[in-house]
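2 protein chains.
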Amino acid sequence: MQGVNLKHVLSPKSIAIIGASREPGKIGNVLVKNLVDAKFSGKIFPVNPSAESIYGLKCYSDVREIPGTVDLAIIAIHAELVPEALTESGKKGVKGAIVISGGFSEAGKPELEKELAKAAKKFGITLIGPNCLGVVNPKEKMDAIFIPTYKMERPNEGGIAFVKQSGAIGSMILDVVAREGFGVSKFISYGNAAAVDETDALEFLANDAETNIVVLYIEGVKRGIEFFKATKKLSKRKPLVVIKAGVTEKGAAAAKSHTAALAGSYAAYRAVFKQNRLIEARSLDEMFDYAKIFTTQPRCTGDRVAVITNGGGMGVLATDALVEEGLRLAEFSPETRKLLRKTMPPLVKDENPLDLVGDADAERFEAAIKAAYEDSGVDAVIVSTLFQRVSLDSHVVDVIINVASRKKKPLINITLGGEYTETQRRALESSGVPSYTSPTSAARSLKKLVDYSRFVSGKKN
Amino acid sequence: MQGVNLKHVLSPKSIAIIGASREPGKIGNVLVKNLVDAKFSGKIFPVNPSAESIYGLKCYSDVREIPGTVDLAIIAIHAELVPEALTESGKKGVKGAIVISGGFSEAGKPELEKELAKAAKKFGITLIGPNCLGVVNPKEKMDAIFIPTYKMERPNEGGIAFVKQSGAIGSMILDVVAREGFGVSKFISYGNAAAVDETDALEFLANDAETNIVVLYIEGVKRGIEFFKATKKLSKRKPLVVIKAGVTEKGAAAAKSHTAALAGSYAAYRAVFKQNRLIEARSLDEMFDYAKIFTTQPRCTGDRVAVITNGGGMGVLATDALVEEGLRLAEFSPETRKLLRKTMPPLVKDENPLDLVGDADAERFEAAIKAAYEDSGVDAVIVSTLFQRVSLDSHVVDVIINVASRKKKPLINITLGGEYTETQRRALESSGVPSYTSPTSAARSLKKLVDYSRFVSGKKN
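Here the protein sequences line up with chains A and B, keeping their order. First residue of the first sequence: 1, per this note's numbering; consecutive thereafter. First residue of the second sequence: 1, per this note's numbering; consecutive thereafter.
Simulated from the structure, these hints should not be mistaken for lab results. Check each hint, because a few of them may be wrong.
Note that identical chains are pooled: a pair holds if it fits in a single copy or bridges any two copies.
As a list, the in silico PhoX-like pairs of lysine-lysine whose alpha-carbon atoms are at most 20 Å apart [stated by the list, open to error]:
{"#": "1", "residue 1": "K139", "residue 2": "K58"}
{"#": "2", "residue 1": "K236", "residue 2": "K7"}
{"#": "3", "residue 1": "K349", "residue 2": "K232"}
{"#": "4", "residue 1": "K121", "residue 2": "K222"}
{"#": "5", "residue 1": "K95", "residue 2": "K26"}
{"#": "6", "residue 1": "K91", "residue 2": "K408"}
{"#": "7", "residue 1": "K250", "residue 2": "K447"}
{"#": "8", "residue 1": "K43", "residue 2": "K139"}
Kindly produce the complete structure, drawing on both the sequences and the hints.
Following this line, the structure appears as structure tokens:
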């Protein structure tokens, strides 16, 4: 299965939807609607023998009737009928297929799944699924997910690829990713993995120019040795964030019941993660925390962090968090101290953490952030903004975005509050400044970035 | 300072605002506006010698000119003038004072602060501050915080008391608490603690009928032995969630610079927390996680948990999280299994975690939740709802709220997603069902509840 070309399923120019339906709410209807709504630029051919048209698109009674080339078939019909549909597609010259339908291995019918895989192999079709959520490629406005958009939002174009076996976890992650404004290169939910599995996806993404970080959720892997090689290769090029489910004995049993995955020994997985420098997330929250710092911030091989805040308590919490994660408080250079004494009011001490005190405004933040950012003894800057303070308004958001856009060193934000604060937090994130709601998550994420940066640069941790 | 009566500052019938201002945005203006906007039912007397009225309220040039009784003085004038204003208030018979003004110990003027404390003592005034955020008592519509509501939201009435030294952390917490819909009994930010400190607040809250859980943020404590006694007493009656900042050496140094607090040895604090069964939160996120389960859920001395989900992957993650936190997966009784086989479709296995599979609707959830909830071998129920699934809609929210309202055992939710999901999550939380976005935080919070419940019931952990 090596060298599987996922382009056929991710970047088709023409798509047939086998099982297209006129009835709103039906999977075969939602699939057509989502492609239309996404403004997919290629051709869409609904296949339905008893309908004339769906959403203004002419229907075909059979995939082979469609005039011209069909690159991809999305199949959402009864499981028993899928192998034949795939064979027909193969005869038509279709190169990619996504089988949404369930009712295979997971329903106690492994033979039917084998039949499917055999047909795919015979015709050289790149097959995703069966029993999968589908794929999304925002750049191509390609949305092959059967969930309506009101239930699950869709992400913008960007650099993170998500690879998930579980459709449930996949849908949840995609929904959050869209809401939080992550930019996504590819989203791949591969379900039962009859033909394409996590290793294929990783091999493809290692060479995908649009992907700069990969996030993987796994319960178990199909091919251990190939997985090891693929992660090793990918991890040298791009950060690979992984969340492994089924790490406890009971959890592994639940995973087996869920996807028939052999979760295997967690110790063995951890050894692979460690050796290949995968970035392990121990919870969904951590997964999102890590993804956003890796996709937006430059590499950082130093561990000396400056903390700037208008809330002394936050300076204390951030310091605790940094030290506990194994990072260090930077010491400001004599020049930085001098500059701070010159530009700051007397109550502000020229120390790190730098407490700008309660009446700090955007200008004071600007002077402080620039001073810390330019200090060669500072490797990364954390700016904690308490927007509850009356003197601090949205101007500081522009200040932070401006400095961060230089990309010389990581600059991240911590902020927490109600609607006003949340609005500012989202503005920061949508402009590429990761914003954390807790010092703990900020420090932990920064530590992962430092460790990985050292690994790719050859520096020792 | 023992036996300080905080009623004077928390439940006044009449309030003088010394330093009231007609100029919008000024602290002395915001203080009047907030009380008016909150619809404070008592009397409000702005004190300003050069104004006739503010927000339609007659102004007085001096506190002693005010006719009738004044229970509380909120003071927001230049630090140097505060001791005299407090003395005047004392002569008027004022029993409580909140000094918002900064410019005392924290600005290198401990003598001025001592003068203030002396005046308070002389007249028997319960004094909060100086240099504090103020207090909120939602039940009495008493809002003595100088931050405008557009910058920081205000909480509803409920059972959680928050006690904070740091104004910055305090404002952030209050803002989140309001946004997340926590019900608050009292919010006390005591600033420099010239007269009233954390120990006084804890002693008062131990006897406060409206408070069923206390959340404390501290950098250091003023009176170690009294603090130990007060936490011991309170913790036997009500859960006390504590977050300690300045736990590392660098963090302690930052705390000293911030509030001149001697953060002390973290090991010593932890020993106190452990011995007195305080619920230590290691991050702000944990603090909120714990607060919401303790304030809404019944005690729970058993550790056998049922997990119900419409996403198999979530069942795996939740199982991992439970086991890692030291809880157990419950085993369903033969009766429950029989009931499940009768009411569930064939694809649903009668096992825990209970995967209701992708097409589960609210009715299937209802049957499953009731079966698990009634099983005497189940001590707590976690319901994980993936709202991305097309078959699951807001009906399930009512189902969950209904069962949870019986309060026989804890019932908590896990859900994560975009706007649709977030709307459902908030509906759950506003009806007293804590909803977590990650299995890790749900399991960790439940474990804290089990441990504390065992402590108060005398069961061994």
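Now for the hints, and whether the structure bears them out:
no.	hint	verdict
1	K139 / K58	neither (26 Å within a copy, 64 Å between copies)
2	K236 / K7	neither (23 Å within a copy, 63 Å between copies)
3	K349 / K232	neither (46 Å within a copy, 38 Å between copies)
4	K121 / K222	within (18 Å within a copy, 74 Å between copies)
5	K95 / K26	neither (26 Å within a copy, 69 Å between copies)
6	K91 / K408	neither (54 Å within a copy, 61 Å between copies)
7	K250 / K447	between (31 Å within a copy, 17 Å between copies)
8	K43 / K139	within (16 Å within a copy, 62 Å between copies)
Consistency note: the structure conflicts with the earlier hints numbered 1, 2, 3, 5, 6.
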